[in-house]
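Protein chains: 2
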Amino acid sequence: MTSSLNEAIKNTRKERDRYLADLKEFLRIPSVSSDRSHDADVVEAAHWVSQRLIELGAKDVQVYKTGKHPIVYGELTGAPAAGRVDPLPTVLIYGHYDVQRPDPIEEWLSPAFDPVVRGEELFARGSVDNKGPIVAAFAAIDSMAKAGSLLVNIKFMIEGEEEVGSPSLPGFLTAHGAMLSADISLNGDSGMAAVDTPTVTYALRGSIGAGLTIKGPSVDLHSGLFGGVIHNPIHVLAELIAGMHDEQGRVTLPGFYDDVLPLDDDERAVLAELPRDEEFTKMIAGVPELWGEPEYTPVERTGARPTLDVLMIQGGAQKTAIPSAARASISMRLVPDQSPQKAFEQLHSYIEKNAPPTVTWELSQYDGAKPSIVDRNSPWLVAMSNALESTWGARPVYDRLGGSIPAVTMLYETLGIESVLIGVYRPGDNLHAPNEKLHLPTWERMIETIIRFLHAI
Amino acid sequence: MTSSLNEAIKNTRKERDRYLADLKEFLRIPSVSSDRSHDADVVEAAHWVSQRLIELGAKDVQVYKTGKHPIVYGELTGAPAAGRVDPLPTVLIYGHYDVQRPDPIEEWLSPAFDPVVRGEELFARGSVDNKGPIVAAFAAIDSMAKAGSLLVNIKFMIEGEEEVGSPSLPGFLTAHGAMLSADISLNGDSGMAAVDTPTVTYALRGSIGAGLTIKGPSVDLHSGLFGGVIHNPIHVLAELIAGMHDEQGRVTLPGFYDDVLPLDDDERAVLAELPRDEEFTKMIAGVPELWGEPEYTPVERTGARPTLDVLMIQGGAQKTAIPSAARASISMRLVPDQSPQKAFEQLHSYIEKNAPPTVTWELSQYDGAKPSIVDRNSPWLVAMSNALESTWGARPVYDRLGGSIPAVTMLYETLGIESVLIGVYRPGDNLHAPNEKLHLPTWERMIETIIRFLHAI
Numbered sequence: 001m002t003s004s005l006n007e008a009i010k011n012t013r014k015e016r017d018r019y020l021a022d023l024k025e026f027l028r029i030p031s032v033s034s035d036r037s038h039d040a041d042v043v044e045a046a047h048w049v050s051q052r053l054i055e056l057g058a059k060d061v062q063v064y065k066t067g068k069h070p071i072v073y074g075e076l077t078g079a080p081a082a083g084r085v086d087p088l089p090t091v092l093i094y095g096h097y098d099v100q101r102p103d104p105i106e107e108w109l110s111p112a113f114d115p116v117v118r119g120e121e122l123f124a125r126g127s128v129d130n131k132g133p134i135v136a137a138f139a140a141i142d143s144m145a146k147a148g149s150l151l152v153n154i155k156f157m158i159e160g161e162e163e164v165g166s167p168s169l170p171g172f173l174t175a176h177g178a179m180l181s182a183d184i185s186l187n188g189d190s191g192m193a194a195v196d197t198p199t200v201t202y203a204l205r206g207s208i209g210a211g212l213t214i215k216g217p218s219v220d221l222h223s224g225l226f227g228g229v230i231h232n233p234i235h236v237l238a239e240l241i242a243g244m245h246d247e248q249g250r251v252t253l254p255g256f257y258d259d260v261l262p263l264d265d266d267e268r269a270v271l272a273e274l275p276r277d278e279e280f281t282k283m284i285a286g287v288p289e290l291w292g293e294p295e296y297t298p299v300e301r302t303g304a305r306p307t308l309d310v311l312m313i314q315g316g317a318q319k320t321a322i323p324s325a326a327r328a329s330i331s332m333r334l335v336p337d338q339s340p341q342k343a344f345e346q347l348h349s350y351i352e353k354n355a356p357p358t359v360t361w362e363l364s365q366y367d368g369a370k371p372s373i374v375d376r377n378s379p380w381l382v383a384m385s386n387a388l389e390s391t392w393g394a395r396p397v398y399d400r401l402g403g404s405i406p407a408v409t410m411l412y413e414t415l416g417i418e419s420v421l422i423g424v425y426r427p428g429d430n431l432h433a434p435n436e437k438l439h440l441p442t443w444e445r446m447i448e449t450i451i452r453f454l455h456a457i
Numbered sequence: 001m002t003s004s005l006n007e008a009i010k011n012t013r014k015e016r017d018r019y020l021a022d023l024k025e026f027l028r029i030p031s032v033s034s035d036r037s038h039d040a041d042v043v044e045a046a047h048w049v050s051q052r053l054i055e056l057g058a059k060d061v062q063v064y065k066t067g068k069h070p071i072v073y074g075e076l077t078g079a080p081a082a083g084r085v086d087p088l089p090t091v092l093i094y095g096h097y098d099v100q101r102p103d104p105i106e107e108w109l110s111p112a113f114d115p116v117v118r119g120e121e122l123f124a125r126g127s128v129d130n131k132g133p134i135v136a137a138f139a140a141i142d143s144m145a146k147a148g149s150l151l152v153n154i155k156f157m158i159e160g161e162e163e164v165g166s167p168s169l170p171g172f173l174t175a176h177g178a179m180l181s182a183d184i185s186l187n188g189d190s191g192m193a194a195v196d197t198p199t200v201t202y203a204l205r206g207s208i209g210a211g212l213t214i215k216g217p218s219v220d221l222h223s224g225l226f227g228g229v230i231h232n233p234i235h236v237l238a239e240l241i242a243g244m245h246d247e248q249g250r251v252t253l254p255g256f257y258d259d260v261l262p263l264d265d266d267e268r269a270v271l272a273e274l275p276r277d278e279e280f281t282k283m284i285a286g287v288p289e290l291w292g293e294p295e296y297t298p299v300e301r302t303g304a305r306p307t308l309d310v311l312m313i314q315g316g317a318q319k320t321a322i323p324s325a326a327r328a329s330i331s332m333r334l335v336p337d338q339s340p341q342k343a344f345e346q347l348h349s350y351i352e353k354n355a356p357p358t359v360t361w362e363l364s365q366y367d368g369a370k371p372s373i374v375d376r377n378s379p380w381l382v383a384m385s386n387a388l389e390s391t392w393g394a395r396p397v398y399d400r401l402g403g404s405i406p407a408v409t410m411l412y413e414t415l416g417i418e419s420v421l422i423g424v425y426r427p428g429d430n431l432h433a434p435n436e437k438l439h440l441p442t443w444e445r446m447i448e449t450i451i452r453f454l455h456a457i
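Chains X and L supply the protein sequences, listed in that same order.
Going by this note's numbering, the first sequence runs without a break in its numbering and finishes at 457.
Going by this note's numbering, the second sequence runs without a break in its numbering and finishes at 457.
If you are wondering where the hints come from, they were derived from the structure by calculation, not from laboratory data.
If you're wondering where the values come from, they're calculated on a predicted model, not measured in any experiment.
Possibly wrong hints are sitting among the right ones.
Said to hold, decoys possible - Quick list of in silico lysine-lysine cross-link-like pairs, DSS-like style, CA-CA up to 25 Å:
| id | chain 1 | residue 1 | chain 2 | residue 2 |
| --- | --- | --- | --- | --- |
| 1 | L | LYS59 | L | LYS215 |
| 2 | X | LYS68 | L | LYS24 |
| 3 | L | LYS319 | X | LYS342 |
| 4 | X | LYS215 | L | LYS68 |
| 5 | X | LYS215 | X | LYS319 |
| 6 | X | LYS282 | L | LYS319 |
| 7 | L | LYS353 | X | LYS282 |
| 8 | L | LYS155 | L | LYS59 |
| 9 | L | LYS14 | L | LYS24 |
| 10 | L | LYS353 | X | LYS353 |
| 11 | L | LYS146 | L | LYS14 |
| 12 | L | LYS342 | X | LYS319 |
| 13 | X | LYS319 | L | LYS59 |
| 14 | L | LYS155 | L | LYS24 |
| 15 | L | LYS215 | L | LYS24 |
| 16 | X | LYS10 | X | LYS215 |
| 17 | X | LYS215 | L | LYS319 |
| 18 | X | LYS282 | L | LYS215 |
| 19 | X | LYS319 | L | LYS68 |
| 20 | L | LYS146 | X | LYS319 |
| 21 | X | LYS342 | X | LYS353 |
| 22 | X | LYS155 | X | LYS24 |
Said to hold, decoys possible - Quick list of the computed label-pair ranges, beta carbon to beta carbon:
| id | chain 1 | residue 1 | chain 2 | residue 2 | range |
| --- | --- | --- | --- | --- | --- |
| 23 | X | THR252 | L | GLY393 | 18 to 24 Å |
| 24 | X | ALA317 | L | ASP196 | 29 to 35 Å |
| 25 | L | PRO357 | X | THR252 | 20 to 26 Å |
| 26 | L | PRO170 | X | PHE280 | 52 to 58 Å |
| 27 | L | GLU107 | X | GLY286 | 40 to 46 Å |
| 28 | X | THR252 | L | GLY416 | 52 to 58 Å |
Claimed, not checked - The following residues of chain L were derived to be distant from chain X, with all beta-carbon distances above 12 Å:
| id | residue |
| --- | --- |
| 29 | SER4 |
| 30 | ASN11 |
| 31 | ALA40 |
| 32 | GLY57 |
| 33 | GLY67 |
| 34 | THR77 |
| 35 | PRO87 |
| 36 | ALA147 |
| 37 | ALA269 |
| 38 | ARG301 |
| 39 | GLN318 |
| 40 | THR360 |
Don't be surprised by glycine CBs; every beta carbon is placed ideally from N, CA and C.
Just chain X, same shape as in the assembly (with noise of 0.2 Å):
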């Protein structure tokens, strides 16, 4: 056991160049999901995903069409040790190749979609953020199979609609839950704590969207002739959004908070070993200070409560007119046990209650994620722990992300499969945001615990 595992990671630093150049290829398909112009590219990715499945040894590969983009779907059956009697573990890779927008593409040192390493970084749209954990699992498990020693049962379910809320997953979910049955699902869709800290993600914020208009006047109107008697709209959707948090941050829409799972001692004391301090948010975020709920930690506050943030807001042009009209995105990050739907429905009695009867006003609901949660005492939990502790050499950390990977949540409450959470992208490494980059001695450990994990299970 012991030398089949060995033999596998020494393959993996063996073929460390041949995986790069593969991701290199893969980053440099600009598969945007959330820009029609990039439809094309995004089924470029897709394909590019089940070629290299079909390379692995896969069956059953397939790129299943759905409403929006494709899934990638492929299976590989484990070798059982001599003399095992029991089923194999089934594991389900889960993995995303769409990427968010590159915008604003003038802050890019290099282009977004040509990926260059400069010292230990790999800088590209879609490194961290999914493409280097997605092929860093095929290199484990390419490594395993060279060595012999790919001991449990692989399905892998690659989708590409992640950064659009993956609407297309539910039914997919639905329609093919026989052939995605499987024990644990492994996600590597999450991140590291600090650089050199190994972490388990273990719980997850969900998310909810809104698009509110507030309408004034039917028309612009000259703000000097009009000046005093019409309540801009500008103001009224200012006074809004100033009123949706009090003094300390706290979110005021009514009943908010209601079904937020309390922090107890322990897992304060879990998170608190978290290296993600004051100074460190400060520094890694470019702000004078930080904000928020002073009763809370950092950590606390980005992965254990929930928040509200305007992403835009848009009114009036360069001219002297009061404009007719006025908008704003909003999105709200949720924790166990909040719900999207109550959610929303939470803002919109706050807007009803709020809005002047001076202008009109519109609010439209955009795709939500639920929020999860799992123990982190499980086996399967556990497991991950100890194949990142051999890999790193340090005990690893548990963090509650504050991000939302709708799979997650769709694949416990769809088929009951867990999810174990690992990632790539630390603090600073620019997800989501020009100049997007991965540090390859990290993503060539994510290999290495991938291969212990599913060594160990």
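The hints should help you fit chain L onto chain X, whose structure is shown.
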């Protein structure tokens, strides 16, 4: 005297179609002063004006270059009545040949620069602001000259930067003081208090603009990973804007009302005669309810009270990130005796006092214009009032215009020349908005009013 007046008015009725054709030709030139791509059109409009002045028989006609758009000048010497020995009075006719942008273009029922008559109205950008009044003045002078009834000296000063704050005008006035000397300026850039209500404008609001930028994190940050610890620049901007007014619609900038001339009972009675009441204003603006200082009428709030409006707000994008910055463009309308510079400093103090330590900010100052007011009982205003009454068969009302015309204060402060203000735009004529339109019978009455005014003085 009366017979030559009648002759002039007969001329203008006879030549009405030619004057209208002239106006349409002028309106076809898209002389948008705030758009560099229209710079050639602006120059074309200046030359169109100078050509008309030459045709009117003006001398010393010249297109003066400035740092931005040219100013057109020309003068006509009146023929003194037999036996008159006093020097003739000199009237400086002011106008601006530049127009506002036509945006949003898609809301125009017919193209902005393709003048179309529908019913009694002529639709085109610039039809009321300010090409209609310029051609009305040309028509009046033409009719009078042909009738031999031009008994005053006329100077024309037609600029091309009114819609961008007349930045070149102060320098021009200083450089050409002797040439421009006059007893009074006639300014047709004001409006009508209501349809069929002849109006003399005796006060203008001033204005001052500012650009505010709130800077948060050094790059856009993933709203899941950072939501809860970063003070979102959009929220900060919204909080600052929301705090600029109290619940009664009063501006909260420190000291903002200190220099505001209070309204006395006399003036409130004069303004109360204006037919622009609450219901009418609501209807024109298309809003469910009006807004603003409750102890003042709508007419007082737009004419005699200072206001603050955010004209433009912008931040973030349609992606799940807390943006690194958010921006707003702010405009204040000022009344006598407020100073634009002081109002800007009050805004600066407000931001300085209220911006939180979680962000940095920048406030830049745009061009301003001083407010102005003249004596309602001056002989010039009495003469105009009589001319309006003879033309309309109705006693005119006295109005304070909420808009700003930089030239009015500049002429008074630099050369000591007061202005008599009239105009053709009525509420609902879409000044600065799509479908700007000119009521042709009102325009014809403006020509006759100018003839009567010039004849009387």
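Of the hints stated earlier, which fail here? 1, 2, 4, 10, 13, 15, 16, 20, 23, 38, 39 and 40
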